[in-house]
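2 protein chains.
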Amino acid sequence: MAGVPIYRTPILADWIDYNGHLRDAYYGLILSYATDALLDRIGLEASYRERTGYSLYTVEMHIHYLHEVKKSDIAVVTVRIIAADHKRIHVAFDLLREGQPEAAATAEVMLLSVHQGPTVTTQPFAAEVRAAIDELQRASAAMPPSGPGSRRMELRGR
Amino acid sequence: MAGVPIYRTPILADWIDYNGHLRDAYYGLILSYATDALLDRIGLEASYRERTGYSLYTVEMHIHYLHEVKKSDIAVVTVRIIAADHKRIHVAFDLLREGQPEAAATAEVMLLSVHQGPTVTTQPFAAEVRAAIDELQRASAAMPPSGPGSRRMELRGR
Chain A
1 MAGVPIYRTP ILADWIDYNG HLRDAYYGLI LSYATDALLD RIGLEASYRE RTGYSLYTVE
61 MHIHYLHEVK KSDIAVVTVR IIAADHKRIH VAFDLLREGQ PEAAATAEVM LLSVHQGPTV
121 TTQPFAAEVR AAIDELQRAS AAMPPSGPGS RRMELRGR
Chain B
1 MAGVPIYRTP ILADWIDYNG HLRDAYYGLI LSYATDALLD RIGLEASYRE RTGYSLYTVE
61 MHIHYLHEVK KSDIAVVTVR IIAADHKRIH VAFDLLREGQ PEAAATAEVM LLSVHQGPTV
121 TTQPFAAEVR AAIDELQRAS AAMPPSGPGS RRMELRGR
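Those protein sequence lines, which keep their order, are chains A and B.
This note's numbering numbers the first residue of the first sequence as 1 and each following residue consecutively.
This note's numbering numbers the first residue of the second sequence as 1 and each following residue consecutively.
These are computed hints drawn from the structure, not numbers from a lab.
Mixed in with the good hints there might be a few duds.
Intra- or inter-copy, both count: the list cannot distinguish identical chains.
As a list, the in silico EDC-like pairs of lysine to aspartate or glutamate whose alpha-carbon atoms are at most 20 Å apart [claimed, not checked]:
#1 Lys71 to Asp17
#2 Lys70 to Glu135
#3 Lys71 to Glu154
#4 Lys87 to Asp36
#5 Lys71 to Glu102
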């Protein structure tokens with residue numbers, strides 16, 4: 001498994017599109033919930049965010065759709081930390097169908113640390129948050145990418 | 001306006017996250033509905049899809065989040081066709097807040113023409129669909145990109 005399991009969910013009926021499979025945007029919603037779980041994991045849980053005004057904003061998300069996901073599937077998301085600095089985390093997610101080895105989607109997400117006051121400003125991570133990010137990065141460092149990374153999108157082989 | 005207007009929606013209360021703004025994934029849902037509107041525009045509307053088994057699959061989506069979107073905003077999506085071949089369309093969307101000039105998000109999406117039979121196979125566009133794509137591409141050709149394109153995601157300036 002190319003990452004640390006972080007989130008698991010059944011596929012809701014509302015998420016199925018006219019093709020009979022998970023609508024593209026709901027892969028993104030599952031990844032968004034996985035990002036919430038990642039925040040919990042690194043000490044940026046809801047109560048901390050409310051108390052301190054700190055939060056993370058998603059600034060970029062790049063998803064590769066590799067396989068259909070059916071209503072009967074259970075989605076499992078694994079996470080790797082590709083890179084981090086004092087205010088940003090570059091994350092790779094795999095969206096898997098429980099019991100199947102091939103990822104249904106791979107995604108990269110860039111998260112930015114902010115403080116929400118009268119205005120929103122970028123904000124360095126607190127030391128304990130940075131330590132938790134580093135620990136998760138070490139835990140996932142040996143895990144190889146399982147799909148296409150975030151590259152420039154273009155038509156090839158025309 | 002950097003594209004042809006294709007979709008417009010109010011922001012639903014369910015789409016607001018703990019930061020009090022449109023959750024990242026729901027930018028993606030609005031873009032997914034805009035993709036449905038694009039299918040209607042090029043002659044791949046629901047009745048055609050059901051009659052013929054032809055459809056489009058999203059194979060890649062890359063979103064740049066530039067501004068928050070509030071509950072009171074109206075989202076307007078504009079579209080440009082960056083490139084197309086016999087079975088693929090490379091699309092650029094801008095997600096705007098009605099009445100504000102700056103895009104709240106820009107996105108690139110790669111769509112693949114498929115036929116849904118017992119198995120799903122890639123499928124060249126019908127001639128009339130290709131003609132409609134080409135016409136939309138011509139209509140949006142002079143419109144410049146309004147935000148960052150789809151490039152490799154990485155931490156810069158560390």
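Hints, one by one, checked against the model:
| no. | hint | verdict |
| --- | --- | --- |
| 1 | Lys71 to Asp17 | within (10 Å within a copy, 25 Å between copies) |
| 2 | Lys70 to Glu135 | neither (34 Å within a copy, 35 Å between copies) |
| 3 | Lys71 to Glu154 | neither (31 Å within a copy, 34 Å between copies) |
| 4 | Lys87 to Asp36 | within (17 Å within a copy, 36 Å between copies) |
| 5 | Lys71 to Glu102 | within (17 Å within a copy, 38 Å between copies) |
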